[in-house]
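Construct the complete structure from the given sequences, taking the supplied hints into account.
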Amino acid sequence: DTGVSQNPRHKITKRGQNVTFRCDPISEHNRLYWYRQTLGQGPEFLTYFQNEAQLEKSRLLSDRFSAERPKGSFSTLEIQRTEQGDSAMYLCASSLNKNTEAFFGQGTRLTVV
Amino acid sequence: AQSVTQLGSHVSVSEGALVLLRCNYSSSVPPYLFWYVQYPNQGLQLLLKYTSAATLVKGINGFEAEFKKSETSFHLTKPSAHMSDAAEYFCAVSASNTGNQFYFGTGTSLTVIP
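In the order they appear, the protein sequences are chains A and B. In terms of our numbering, the first sequence has 31 at position 31, counting the first letter as 1, and numbering is strictly consecutive. In terms of our numbering, the second sequence has 174 at position 61, counting the first letter as 1, and numbering is strictly consecutive.
These are computed hints drawn from the structure, not numbers from a lab. Please note that the accuracy of each hint is not assured.
[As the list claims (entries may be wrong)] Distance windows between CB atoms, simulated:
no.	chain 1	residue 1	chain 2	residue 2	range
1	A	Lys57	B	Tyr152	27 to 37 Å
2	B	Ala166	A	Asn18	38 to 48 Å
3	A	Ser5	B	Lys171	22 to 32 Å
4	A	Val113	B	Ala130	36 to 46 Å
5	A	Lys14	B	Pro143	41 to 51 Å
[Claimed, not checked] Here are the simulated lysine to any residue pairs, SDA-like style, with alpha carbons at most 20 Å apart:
no.	chain 1	residue 1	chain 2	residue 2
6	A	Lys98	B	Ser141
7	A	Lys11	B	Pro153
8	A	Lys57	B	Ala208
9	A	Lys57	B	Asn213
10	A	Lys11	B	Asn154
11	B	Lys182	B	Leu161
12	A	Lys98	B	Ala166
Built from N, CA and C at the ideal position, the CB exists for glycine as well.
Written as structure tokens, this is what we have:
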């Protein structure tokens, strides 16, 4: 296993368009997290899954954002009607269980123009 | 609730000098603490973690950190800086009873001067 994989690495979209990102976690990991990171800041929690169940969502995750993890494997994060403020690096991480370290992917950098 | 504060958004050291990056945490329950490193346009890589075992934790690349409950600190050190250590460093905390998410600090950018 080569670690957490995120696709695409970069995405440029026009304001108002919808975008979808994919994350493939380390195969035996039960937990999957989505974070957002803006320039000069640390990662901010968006949501996490325990297997296929989405157990917690940040208030940062507005109704334009939706995340899924069908069958408890890969996950997708969709942003509808993108805004310029959505421009950020979106990081996915996975962990074996709670309190074990999270392994991060290389991120998807979104630019909304 | 959990949070971390990283003192000093930018730290510069000479090659071969001691590296000290500061992290203070706040947690209503016993914390688990982590240090991650991030290189430009890359994800985060775990350097080390504290999970209530030994208070002095050794990590990769010669880094170590000491958990001090009385000072609510988890500072990262390395005896001798190398040029390849130049990167962004993030401290993170999670709650040991739930571990539902990791709370990150705002990061410290380390510059190593040759």
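* Asked: Taking the CB of Lys57(A) and the CB of Tyr152(B), does the distance hold inside 27 to 37 Å?
  -> With a Cβ separation near 29 Å, Lys57(A) and Tyr152(B) satisfy 27 to 37 Å, so the hint holds.
* Asked: Is Lys11(A) within 20 Å of Pro153(B), Cα to Cα?
  -> 17 Å, holds
* Regarding the pair Lys182(B) and Leu161(B), is the alpha-carbon distance no greater than 20 Å? -> 17 Å, holds
* When you check the alpha-carbon spacing of Lys11(A) and Asn154(B), does it fall within 20 Å? -> 14 Å, holds
* To do: Kindly confirm whether 41 to 51 Å is satisfied by the beta carbon distance between Lys14(A) and Pro143(B).
  => Cβ of Lys14(A) to Cβ of Pro143(B): about 47 Å, so the range 41 to 51 Å holds.
* Asked: Is Lys98(A) within 20 Å of Ala166(B), Cα to Cα?
  -> 16 Å, holds
* Asked: Given the hinted pair Lys57(A) and Ala208(B), is their alpha-carbon gap at most 20 Å?
  -> 16 Å, holds
* Regarding Val113(A) and Ala130(B), is the given constraint of 36 to 46 Å on their beta-carbon distance met? -> 43 Å Cβ-Cβ, so the 36 to 46 Å window holds.
* With a cut-off of 20 Å on the C-alpha distance, tell me whether Lys57(A) and Asn213(B) pass. => Roughly 11 Å separates the two Cα atoms, so the pair holds.
* Do the Cβ positions of Ser5(A) and Lys171(B) conform to the proposed distance bound of 22 to 32 Å? -> 29 Å, holds
* Take the C-beta atom of Ala166(B) and the C-beta atom of Asn18(A), compute their distance, and say whether it sits inside 38 to 48 Å. => 46 Å, holds
* Asked: Is Lys98(A) close enough to Ser141(B), meaning Cα to Cα at most 20 Å?
  -> 17 Å, holds
Every hint, counting from the list given before, is met by this structure.
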